[in-house]
Amino acid sequence: MAENQVTWDFAYAGGVWQPTRTPQADANLLVAIETLAISFGKRAYAVCQFLEALDGLAPSSPNSGTVNTTTAYVKKSEGGGFEICDKYGQFDNVAISEAELRSALSALLVRIQTDFPEIDQS
4 MAENQVTWDF
14 AYAGGVWQPT
24 RTPQADANLL
34 VAIETLAISF
44 GKRAYAVCQF
54 LEALDGLAPS
64 SPNSGTVNTT
74 TAYVKKSEGG
84 GFEICDKYGQ
94 FDNVAISEAE
104 LRSALSALLV
114 RIQTDFPEID
124 QS
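For what it's worth, my numbering labels the leading residue of the sequence shown as 4, then goes sequentially.
There could be a bad hint or two in this list.
BS3-like cross-link-like pairs, simulated, lysine-lysine; straight-line CA separation at most 25 Å [what the hints assert, rightly or not]: (1) Lys90 / Lys45; (2) Lys78 / Lys45; (3) Lys90 / Lys78.
Simulated DEER-style distance windows between Cβ atoms [stated by the list, open to error]: (4) Pro120 / Asn96: 12 to 22 Å; (5) Glu121 / Asn31: 29 to 39 Å; (6) Gly18 / Thr117: 10 to 20 Å; (7) Asp95 / Glu121: 17 to 27 Å; (8) Gly83 / Ile122: 27 to 37 Å; (9) Ser42 / Gly84: 12 to 22 Å; (10) Thr10 / Pro120: 19 to 29 Å; (11) Tyr91 / Gln8: 24 to 34 Å; (12) Ala56 / Gly92: 16 to 26 Å; (13) Gly82 / Pro120: 18 to 28 Å; (14) Gly92 / Glu121: 31 to 41 Å.
Quick caveat, the hints were computed from the structure, so don't treat them as lab data. Note that beta-carbon positions come from the ideal geometry of N, C-alpha and C, so glycine has one too.
Take the sequences, apply the hints, and build the full model.
Right, dumping it as structure tokens:
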């Protein structure tokens with residue numbers, strides 16, 4: 004693995020997606036990603052729609068809006084990345100690079116499609 008390469012994976016247990024990250028992430032980031040993923044359930048299309056909504060945030064404006072789920076929201080940060088923001092006191096808001104957020108969501112998308120192919124994803 005390259006020195007700065009980050010990989011994400013997810014396991015579905017107890018009705019929620021539990022993320023893992025290599026190299027290991029701090030507990031707050033893991034809870035933030037887990038909380039964000041709750042709203043997607045087993046629906047790959049929901050992850051795709053969220054990724055498309057991220058594309059709609061203006062890249063040069065940190066105040067260009069947010070992308071919401073029922074459990075958390077994501078907003079553009081001034082450094083060009085994003086901030087995952089808590090709605091219900093589950094975690095401290097956390098900054099994350101655009102590449103890492105997309106990597107995490109893409110890994111979740113693959114896991115949903117692999118583990119639950121029988122679910123209508125349209």
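Against the structure, the hints come out as follows:
| no. | hint | result |
| --- | --- | --- |
| 1 | Lys90 / Lys45 | holds (21 Å) |
| 2 | Lys78 / Lys45 | holds (24 Å) |
| 3 | Lys90 / Lys78 | holds (13 Å) |
| 4 | Pro120 / Asn96: 12 to 22 Å | violated (35 Å) |
| 5 | Glu121 / Asn31: 29 to 39 Å | holds (34 Å) |
| 6 | Gly18 / Thr117: 10 to 20 Å | holds (18 Å) |
| 7 | Asp95 / Glu121: 17 to 27 Å | violated (37 Å) |
| 8 | Gly83 / Ile122: 27 to 37 Å | holds (35 Å) |
| 9 | Ser42 / Gly84: 12 to 22 Å | holds (21 Å) |
| 10 | Thr10 / Pro120: 19 to 29 Å | holds (22 Å) |
| 11 | Tyr91 / Gln8: 24 to 34 Å | holds (32 Å) |
| 12 | Ala56 / Gly92: 16 to 26 Å | holds (24 Å) |
| 13 | Gly82 / Pro120: 18 to 28 Å | violated (38 Å) |
| 14 | Gly92 / Glu121: 31 to 41 Å | holds (35 Å) |
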